[in-house]
Every structure is written in structure tokens, then in C-alpha cells.
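Student: Here the protein sequences line up with chains A and B, keeping their order. No gaps in the numbering here: position 63 of the first sequence is 63 in our numbering, and each next residue is one more. Each number in our numbering comes from the position in the second sequence (counting from 1) with 548 added on.
If you're looking for bench data, these hints aren't it; they were derived computationally from the structure. Keep in mind that a hint or two might mislead.
[Claimed, not checked] If you want the footprint, here are the derived chain A segments under chain B, 3+ residues with CB under 8 angstroms:
| hint | segment |
| --- | --- |
| 1 | 96-109 |
| 2 | 275-287 |
| 3 | 381-395 |
| 4 | 402-412 |
| 5 | 533-540 |
All C-beta atoms, glycine included, are put in the ideal place defined by N, C-alpha and C.
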Amino acid sequence: MGDTTAGLLTILTLVVVLALVHVPLGDYIAHTFTSERDLRAERLIYRLCGVSPRSQQRWTTYAVSLIAFSGVGVVVLFALCVLQPHLPLARGASMDVSTSFNTAISFVTNTNWQSSAGEAGASPVVQTLGLTIQNFVSAAVGLAVVVAVIRGLTRSESGTVGNFWVDLVRGTIRILLPLAVIGAIVLLAGGVIQDVAAPHVIQTLDGGRQTVQSGLVASQEAIKQVGTNGGGYFNANSAHPFENPNPFTNVVQILLMLVIPFSLPRAYGRLVGDRRQGYAVLGFMGVLWAAGIAVITWAEHASATNALGAMEGKEVRFGVWGSTIFAGSTTSTSTGAVNSLHESYSPLGGGGALTNMALGEISPGGVGSGLYGALIVAILAVFIAGLMVGRTPELLGKTIGRKEITYAALYTVVTPALVLVGTGAALALRTARSGLLASGPHGLTEMLYAYTSAANNNGSAFAGLTADQPYLNTTLAVAMAVGRFVPIIFVLALAGSFAAQRKRPHTDGTMPTHTPLFTGLMVGVALLVTGLTFLPALALGPLAEALS
Amino acid sequence: MTSPTSTLLHSAGTSMPDAVRKFHPAHLYRSPVMFVVGVGSVLTTLLAIVHPSVFSWAITVWLWATILFANLAEAIAEGRGKAQADSLRKTRTSTTARRLGADGTTEEEVSAADLRQDDRVVVDAGGVIPGDGDVVEGIATVDESAITGESAPVVREAGGDRCAVTGGTTVLSDRIVVRITSKPGETFIDRMIALVEGAERKKTPNEIALGILLVVLTIIFLLAVATIPPLASFTGRPPTLVTLVALLVCLIPTTIGALLSAIGIAGMDRLVQRNVLAMSGRAVEAAGDISTLLLDKTGTITLGNRQAADIRVLPGVDAEQVHRWAQLSSLADETPEGRSIVTWTAQTLGTTADSPVDATVVPFTAQTRMSGLDLADGTSLRKGAAGSVCRWVEESGGAGVPEAMRAADEISELGGTPLVIATRQGDAPAAAVGVIYLKDVIKPGMVQRFAELRRMGIRTVMITGDNPLTAKAIAEEAGVDDFLAEATPEDKMRLMKKEQLGGRLVAMAGDGTNDAPALAQADVGVAMNTGTSAAKEAGNMVDLDSDPTKLIEIVGIGKQLLITRGALTTFSIANDLAKYFAIIPAMFVGLYPGLHTLNVMHLHSPNSAMLSAVIFNALIIVALIPLSLRGVRYRPLRADQLLARNLLIYGVGGVIAPFVGIKLIDLLVQLLPGM
């Protein structure tokens, strides 16, 4: 079977499985967040934490709870990282203060940018108590935010948007945990390792000694993808044969990262009581996802110098398609796991991965964050074009007025500001520049990629840039934190303002938001806003490199 | 040259001084987008002075021109209202008033400007009413053409719903005493002047929201452009400041930023052209959002007067005789209904009888609810509401009552109004002889209008005092969605609140004092100019023609305003794509010759490309001034059809137009030296 055939079959498999799975999973997610019943384990947690599960929060309380929870997460994780040499099972792993700060922020913001080298930087204690827990709860935070904004859209003249603690617990226990278990079992069956043995020391062919780490890899892998986290057990991430041994596990990993983001539109349609609304968003995500993969794959083939294709930086067991589909999916889901070296991609291929992130992680985006990002695009689309039907713009009966457009517009400005200012400042500073491997447009792309990845909470690394230095560690951490929580606050404010509004009925005079035309409009708005913001930077980076 | 173009050119000429005046920073600051252009223009001017070149001066000139064009758009829009304001102002200045003393008989001459609320003034025939108020004494015909432009005089009388008079209008006959209701400087004319001049123009909610989006877009582009120097210096020499400013100005939404306030002013102006005064821009916007229209039946849906359509002759009575009686009894009846009976019977009988001599006319009173004629030969004719006439018949022990009532019910079911005719010879018992079928006539074109409204997703509810049967029949014939029969003002209010509770925006028209609470509650309340001061005070629009049907037009104008704004925003943003393709390769081609591939328009040189983009950016404002003043043509279509249509024209068109425009400009610009 040729590489292209295999690639197309992979895509077909992904589409068929997602088409089958997104319906029951989406319905299940919708049910999870509307159910009146608590599981016994949940009741226990509520009692231990003193949460009253039936109480409702205003958006401000919801936001404060979320920020407090994440803040505590950062402090605990930072302490674990700094103190790990003094904790059991240290195995020599250690991080300095700036790396610890970066790592703590990175995992709490669902970015999983790894300044530290995975297995060498974090001991099993840090991996399990710190990173793995954040892999679950940081994704659950994303789910909670999107559920809050959907509630805002469905409630009428209500002061509340739900209960953060309940949403957090349910998202973790009922959605992420079961999916991670299923994923781990499938990956285990596919050959991913899972053990607690001590590192193996082996004699290499040329007489050297190599320490081969092993560990609880399959379970880590599953939540890494399901939670669109991306932080690998090993530094080589999904290119490492213990993490991702063969094409089968490769497809499973791609599926796992796509499954929740692509099921959320269904849940959205369910929750707002109009499934067509969900399909319009699903179409929007699907079109951009496919387009991203198409561009990257095309670029890799076009730049091929031999019959195998452009194989530099790619694993032979995955080939070009297995790498580009993974790359397109990981950069569009805010996962950031890699099974190939994006640095080595052709200029336009790497530029495609970069653009995927620059879109704001909406195709289909991270767990929760993808859908709320897409809803912001929908709000912008409704606002810009909706006036053309001769009514004040509205989404699902909620008017997009002064407050709403302010929140949506500020949401849109946060990440581009972080990326452009961060990249510009870093390139102007000698210390930051010294971390670059390449010069010229490729060097610019390395830096641009780093800040785009951090600000959009993707976490994938272009490689080439040595980011483990105080300046980059700190500014990238700031980009991650601001890029995660400031938009979340705007989204929650939007949820609150929607909830407080009276719902207007749908009439023939209302702009339809469920049609293919609207999907097309959303795609246009997303591409135009991203294009207009990043074109100068892209022209000086990937485009200049490609056209030289 | 066609006449609209020359009119526009003319107004452009007259508005130029105002446009120049608007360069004041305090004015520019009101539009953040144009303010950024202003700062950029100052910057390039300084740079052009320090390092003069054809290119930098050309860019500088066109940047200033961009601002000038934006100012011009606003000045032209404002200029249209100025002329009207001037003529209104004339009526205001020269008026004196004859104020009544506390005793009610002494008069003193004072200036109209000195009148206070509750002062009472006397106005005789030929006098100008000095201020807004209510007639408290007398009846007069008033020429309101100064305000409405309508030359036919109207009647104003004390008490009732026709007591309101407006300052600046002229009394044509008789004498009235007016109680002043407005404060000095806040008369209707004062407000009108302020409105048409746009002096008090506050930004409307949607305009503010759009303004926020434009500011944020400007911030994004500022960031995108500001980070070019560090990015470019990493690999080579950064672009010059002039080119950066040029790029920034091309990218920020100058087109919509320049036209935004002109669109708003023109929207208000379109209402004024149709003799509707909106008390706020907010109301105009709300008109576009209306989803329920409450329409009074009489005068709005149907012609104010009912017309005779048939006469049901009761059994045993000679048909011709009944027709003759009907005619006779109506000869003295000057109401439109009465006249329509005469006309109709004249057709059936072939003749019109002369007014009988020595007959006594029995006028209609609210107590008897019937009118008629007592002939010299002792015959009494009565015509009126079924209940009243039948009671009159029964009192004399007369016949035909059950038959008459049955016929009357039938007519009611058809949506008509029955008028029973009865006769009595001397002291003999009276007899009901026939029933006139007065039919409500639906105004021409209304059925089609309601169909259009339904297509636009607007619900129409007919409000009527008729009984449910009659109301239902007319509602069906007119094609309204719903009706409220036997409606009291309280019922109307209840219905409105119910609709609003469901999230719908409601519009209504009204004129009486008892309409005032509902007018105030409505999202769009259009008061009739003939109405009471209370009604005019409560509504947020006043229709000077007092035509309640105009409510439908007002909705259209509101929608047109929003559509124009949306269309130009979409166009403005879509334009940016082409500008990028002009400027980005031009800016970096020195650094990376390969980027020439992006020069898809094959523009002559980097300098000509940038200058062409800047010129296009300025000229497109001028090109769109007529559209922003006239408004995008509005068709009553479903929202999805409207969206598809406008998206094609202004979205796709907005992407394509600048590619063509910039290329054409470049063909000329390349001829300049130094390009």
C-alpha cells in the first residue's frame, strides 16, 4: 500500500469513526452537564470540599472559582517541580526555578509546552501527582467554560451560569476519566508500554551505554491526547517508539485528540435545543481541519526531493501522511503532541502548522476551548454580517450589543497581541535570539512558532529553539497564562451577559446560524481575521522562506 | 450628468467648509479610526518634510485626503438637514404672544420666548401659535404646513384627541385659547431643529457596538504593523516609516470608520423626508428589530370610513321603498357612511331624491345612537345601531325586530356593520324594514404589505373595538396574523407586555391620550401629529402626516439603516485582503525578491503599489458616499435570502473590487516620476 493510499485511508477511518462516535458522545456530554443526579464518588468529593452541588453561581463567582482553582494548581505544581529532588523516586530529575514556573503554568493552562525534557526533567512523582492530574483537570476547566457559555445562551433573564465545581468534577470523572481508560487499553493493546520497572541500561552497538527509561506510558498517552494536552512521557513525544510504536497507535492517538473537540458541537446543538446549530459549528471545524491537513500534506509532497517524499524529521513507520495528519490534528486541537519534527517540514508545511495554531485553536480546538473559540467566531460573524439582514445582530436569540461585542472583540485581540508583541520583543533581544538554531526567515519562524504555540495553549514545539532559558521560560509562561485565562474571563463574562438577557424568538427575519452559508461565513471570518493579523509575520517567516 | 450626481456634487461643494472645519483634533477624536489616520498623516507630513520625495509627499497628500473625504461624508449628510432647520428656525424667532392674565380676560403682549408652561395665550385668525400646547377654549382651523409641509388645514378644538397645537403653526379661522405645555427652548420646533441638524445626535447602541469592534480591529492592525520593524530587522532592513503608516491606514477599517456617522445621520434624514420625526436614533434602530406590529384597524388597515355595500330588505317590505327610505334618512347625514349610503342607493334606484321640504332632521346623539328624519306627512325614518333602532321599534310595539336582529348578526359575522332602518307612520306602531350592510374597506395594497411583513418575520396584530366575529372576518380578509377584538387601552397594554415578555420588540401607532401609556411601553411608539400632547410626549416618533400605515415604512427604514451599516462594514473589512496583496510584497520584496510572487496584480513598482492602495483607500470613501446617504436598497425578503444576497454583493464584491481598483489606479500612478 502506497503512502498516499494509506494516508487517504487514515483520513477515511478518522472521519468514519468520528462520525459514528460524535453522536453518542456528544449526547452523553450534554447529558452529563444537565443531569440532576450525582454519582456517589462525586457526592463524596462535594462533601469533602464543602461544595453544595445544587447551588448556582453568577459568572463572576464562576470565574473566581476557576481562577482560584487554577492558581492553586500552579502553586502546587511549581512546588512539586522545585522540590522534586527532595521527594521520593527523584531519580536525579530536577528543574530550576524558571523552568518549574514555566512547567507549572504550562500544564495548568492545558498547554503542556515542555521546557524541561520529559523523562529527565520530571520524576515519576511529579509526573503522576502533578502533570497527570493537571492533564485531567486543565481539560475539565475548558469543558466547564464552554458549558457555562452554552448555559448563558440557553437561559433567559437568569443571573447564573452553573456551578464551576460541579462542572469540573463531572467533566473529569464522567467524561475524561472513562475516555482515558478506554484510550489507554486500546493503546496498550496496540503495543504502547506500561510498566513501573527501573530504567534499563543497555550496551549500544558502538560500545556506548544508554539508559532507556520506561514507565506508565500508555495511561499517560491516553489522557495526553484525550485532554488535548500533548505533554509526552518522553521528550521525543509521540515520535518515541514506546509512546507511539506503529501506524495503528498513531491513528488511535489522532482519534483520541479529535474525539472530544469534534463531539462538542453535537453536545452544543443538544443543549441549545437545535441540533442544526451544532452541525453548522461542526462543519466549520471540519472544513478548517481538513484544509490544514491538505495544505501541510501538499507542502510536504511538493517539497519532496525523492520518491519517499520529504522524510526529513519524520518517522519511517508513519511516512509523510501519517506525520502530516498528526501534525495537522495536533496543531489544530491545541494538543501539541508531535510524532515528527515540525522544524524540518517544508517552509509552507511548517507555516501550515503555525497557521493552524494562529487561527486560535478552533479547528476543532482544545477540549472545551475549541468550541468556545468557535462560538466567538460565530459571534463576530453574526455581528459583522448579521447587520446585513436589517436587525440588531443576535445569536440564538441573544443580542450582540455593546457589552457582548466588547468581550468577543477583546477575546480576539488577546492571543494575537501576545504572539506579535512576544515575538517582536524576543527577536529584538540578544538573550532570546541566542536560543535560535536558524537565522533568517526560518529563525523568525522558530520564534513565531514558540509564541504562537504558547499563547494559543497548544504546546507543540517547532524545535530548533532552545527555550529553556530564564527570559523565554518566563515570557512564554506569561503568554500561556494570559492566553488561557484572560480569554476565559471574557468568555465567562459573555456567558453572564447572555444569561441575563431575555431570549428573543426566532422568526423569518432572524439571521439563520445553522445554514451552510453561515458555516462558510464563519470560515471566512476566521481566515480573514487571522490572515489580516498574521500575514506580515507569515510573509517574513514561512512565505519568505518558501518563495526564496 | 444626471441630476442626483450634480446635486451631490453641489452639496459636496457647499459642505466643503464644514468638512475642513472637522479637521479639528477634538472632532477627529470622536472617530478613533480617523484619529489614527490623522496621527499617521501628521507623522508622514513630518517625514516628508525631513526626507522629501515624490512618494512620501504623494502618500502624505492622500492620507490627508482620506480624512477630508471622511469629513466631507459627514458634512454632506448634515448639510441636508441644515436647510430644513433654517426654514423652521424662521417660524420660531419672530413670534409674539398674547398672554392671558390670571383673571382670564386681560391680555398682554409678550415674546414667544418668554412663555412658560401653563401660560394661556389667545390666538386669532391669522395669528401664529407661539408655543406647543393644548387648545382649552374654542375651535379653529390651523395651517400646519410649516411643520408637515401639508397645505390642507386641520381642525383643532378644545377637549378630546384633537386639542394639541404646535408652535409656529398658523390659525386660519376663529379664535382659540391655548395652554402652553412646553418649556421655553424645548418646543416641538426646537426639538425638530436639533434633530434635523443632528446637533444632539447621540451614537445609537448598535453604532457604539460597531465602533467598539472597529477600535479593536484598529488595535489588532496597529499591533500587526508595529511588530513589523523588529521582525523585519531580524532578517534585514526594516521598511520605512512612511510605508508602515501607509500599510496601517490601508488596513484599519477607514471606509466604514469614515462613513459610519454619515450613515446614521442619513438614516434619520430618510425618516424626516417621509415626515416622521424620531426623537432618538435608538428608536430608528429599534424599528429594524421590530417583530410585532400592533395596528389599529380603522384608518390603518381599513379606510377610516365604512361604506354601504348592500341593504337586506326584511320580509314583506317593498325593496325599492326600503332603498328610498335608506336614501332619505341619509340625505342629511354628512358622515362618510351616510354619504356612502346615498351614493349606493343612488346607483340601485337610479336617482337621488331632493331633500324633502318641511322635514325635521333628527341628529345622531350618543344617547339615542340613531339619526333620521321626520317627514312633513308624519312619517318618521330612523337609522342606526341595531340595538337602538330595535328598541325604538319595540317601544311602540312594532314588528320586524327578530328578523332585523338576525340580519344584523349575519352582517356582523361577515365583518360588516349593520344599520337598521325603521319607519313609523304617525302614531301607528313602528316597523323595522331593512338592514344596511356597511362594509369595512381594506386599504388598497394592505394585503400584499402584510404578506411582505410575514415574509420578513414580523407578526401583525390588528387592534379593534369591533366584536370578535367582525374582527375575525376583517383580520382574515386583510391577512394579519392575529387580532385583538373589543380592545380597551388596557387590553392593548396587556397584549404588548405579553409580546415583550416573549422577547419581541413591539411597534404601535396611536394618537389619543389613552394611547399614551401603550405608546410609552412600545419599543417603537409612533404618535400622530394630530394627536394629543400626551401621546406625542409618550411616543418616540411623531408622524407629521398622521398616517398610521407609515409604521410599516418606518420598520423598513430602520432595517435599511442597519443593512447599510452592515454592508459597508463587510465591504470595508473584505477590502483589506487586496490591500495586503498590494502592500506586503511591495514592502518586503527588497528583502526577499521571491515575495514578488505575491504581487498577483502585477503592480508596477513597490512605490506605485503602496501609493495605489492608499489612493484606492481614500477614493472608495468618496465612491461610497452616495450609497451611505441613500442607503442600501432594502427588499422585504427572508433573512437568509437577504444575507445571501448582501454577502455576495458586499462580501465577495468587497474582496474583488479593490483588486480591480488598485490595478487601475496603478496604471495611472506608474506615470508619476519616481515610481
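Student: Hint by hint, work out which the structure violates, then give me just those numbers in ascending order.
Tutor: Structure breaks hints 1 and 2.
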